[in-house]
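Asks: We have chain A; now place chain B onto it with these hints.
Protein chains: 2
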Amino acid sequence: MANFQVNILGCGSATPSTRHMPACQVIDFRDRLFMIDCGEGAQLQMMKQRLKFSRLSHIFISHLHGDHFLGLPGLLSTLALHEKGGSLTIHTFTEGARILSEIMAGFCRETSFEIKYNIITPKRAVIFEDHALTVETFPLYHRVPCVGFKFSEKPKARHLRGDMIKFYNIPVCRLEDIRRGADYVMPDGTVIANARLTTDPDPSVSYAYCSDTMYNPAVADDVRGVDVLYHESTYADNFAEKAAPRGHSTAREAARIAKAAGVGKLILGHYSKAYDSDEPFAREASEEFPNVIAATEGMKIDLL
Amino acid sequence: MANFQVNILGCGSATPSTRHMPACQVIDFRDRLFMIDCGEGAQLQMMKQRLKFSRLSHIFISHLHGDHFLGLPGLLSTLALHEKGGSLTIHTFTEGARILSEIMAGFCRETSFEIKYNIITPKRAVIFEDHALTVETFPLYHRVPCVGFKFSEKPKARHLRGDMIKFYNIPVCRLEDIRRGADYVMPDGTVIANARLTTDPDPSVSYAYCSDTMYNPAVADDVRGVDVLYHESTYADNFAEKAAPRGHSTAREAARIAKAAGVGKLILGHYSKAYDSDEPFAREASEEFPNVIAATEGMKIDLL
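Heads up: the sequence lines are chains A and B, in that order. In terms of the numbering used here, the first sequence is numbered consecutively and its last residue is 410. In terms of the numbering used here, the second sequence is numbered consecutively and its last residue is 410.
Next comes chain A alone, as it looks inside the complex (with noise of 0.2 Å):
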């Protein structure tokens, strides 16, 4: 169980191939496992990179193609089999419902677990929000109707000065409202103002996944100021002229949105069979911002 750690099980492109698994990632938050995407041979990746079953609750499905879905039906079978309860839910578009549930009606009539379908669509929403974490989309530009996901840990409780308890006095039932930022009023009326009470939160850190997209500035916008970016780079600057008219970004664009969001890390992948090492994408998307990673399977990234 990790704070607010991003698990790399699939960074490939529409063909899986023997280097790379098509899309799919673990977010580990705390008590709960929120995958984004599942292409073909999830399941598996979970269980080799031991993220347990049991722990996942929400499935976000960027887009409805084969590489970021088909994984799908063999996982919830595979959760059913291993007789996982409470309820899962997933977050897709009307189509992706559909056949999900045509595919499980089919092949996995009877779960332990109730699946939940929470269907998005591609423009900017809030589509999950919890006491600690908020989920939203925001629209992609692919050849199908696409969408990224920024996770955004809310603001955390204010630490509080021992000393300063201490000095006033102050009884243990005022203290969970002063660590949310409340003034105390002493039984004479003073008020002591929370800024002598408290010190700041730690940072709230944030996460946007963007897959398959052509590059657009306005990503920019929608991004800004994450702590963490991924962007997909199907392409590296050699095959620069079949990104945008196949939907995709080379690594320097998804550099170039990294710098104009000003965002503290950016992760590359998506990557295209048609390369053997993924060193060119490091390579020209560090030439356009610093702070790179090629994402691998099995890599595991903290944001906390």
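Source of the hints: derived by calculation from the structure; they are not laboratory data. It should be emphasised that the depicted structure is a prediction, and the values quoted were computed from it without experimental measurement. Possibly wrong hints are sitting among the right ones.
For identical chains, the list gives no copy identity; a pair is met inside one copy or between any two copies.
To be verified - 20 Å max Cα-Cα, derived SDA-like pairs, lysine to any residue:
hint, residue 1, residue 2
1, Lys154, Gln111
2, Lys222, Tyr321
3, Lys154, Lys260
4, Lys158, Thr124
5, Lys260, Arg249
Replies: Here is chain B on its own, set in the frame of chain A:
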């Protein structure tokens, strides 16, 4: 390209594990590849085992459980991206054809090859035949309708005796008929019996695949005398009581079928993920039948 070779792509059972992939085999028969069952990850196993997509011509699905079927959508999508031409025939039950058509309509609307469906039923029938090979179905005994497949080489041409062909001065245009068993009539009307002109052909070999079945002696009748039999062995003796209720067999039961059917060699597979080692399967089966192989991914068994 092989003459008649069984390639093991997956020999695990319902849940894939880090040890075994779900069910898939490829028969490499002269110029073509015939796939039997298509568990998730089959396309990647084909790549790893260097079995060329372009040579794949027929896929036979034994029954509609996910671990025998869910590799199909990804495989077909990839074949389309690889611009495979010609046609691909999928032999499956009505429901399988319906679901696959539905998935393909959602994920892979355009293919560069024609997908043909041959609807099979769970009974004994010839479902494919050409000049060199016959494929038959026969019933298996699982929780859902299920068939085995028997691949039989047709009788081959007889060998010409060069000395006799020369002695009787037989023209080249008659040799093909003589290879097929015809007598030769001399210009003076004398009949030379084929037996004087030829020797026996090479033996024709056969292979039977029995996936997902409880032990049933009737199976031995359907696979009688095959050179190589693959028979599922989900369990070893220690879980024997689980086998029949789940529609599966033990390795020992598989060996009893092999013995009763008088086959040449037995291949075991479809191992439950409950086992850390394949050793008990081969050991227990060997106590009943001498010539046993425990399948593993990447294994190639030459019948010719």
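Asks: None of the hints should be skipped; say for each whether it holds.
Replies: Each hint tested on the structure:
Taking CA atoms no more than 20 Å apart as the test, Lys154 paired with Gln111 passes inside one copy only; the shortest distance there is 16 Å, against 31 Å between copies. Proximity of Lys222 to Tyr321 under the C-alpha cut-off of 20 Å is found in neither arrangement, the shortest distances being 33 Å within a copy and 39 Å between copies. In this homomeric assembly, Lys154 and Lys260 never come within 20 Å of each other (Cα to Cα): the closest approach is 31 Å inside a single copy and 44 Å across copies. Taking CA atoms no more than 20 Å apart as the test, Lys158 paired with Thr124 passes between copies only; the shortest distance there is 14 Å, against 25 Å inside one copy.
In this assembly of identical chains, the alpha carbons of Lys260 and Arg249 never lie at most 20 Å apart, being 33 Å within a copy and 49 Å across copies at closest.
Violation of the numbered hints given earlier is confined to hints 2, 3, 5; the remaining hints are satisfied by the structure.
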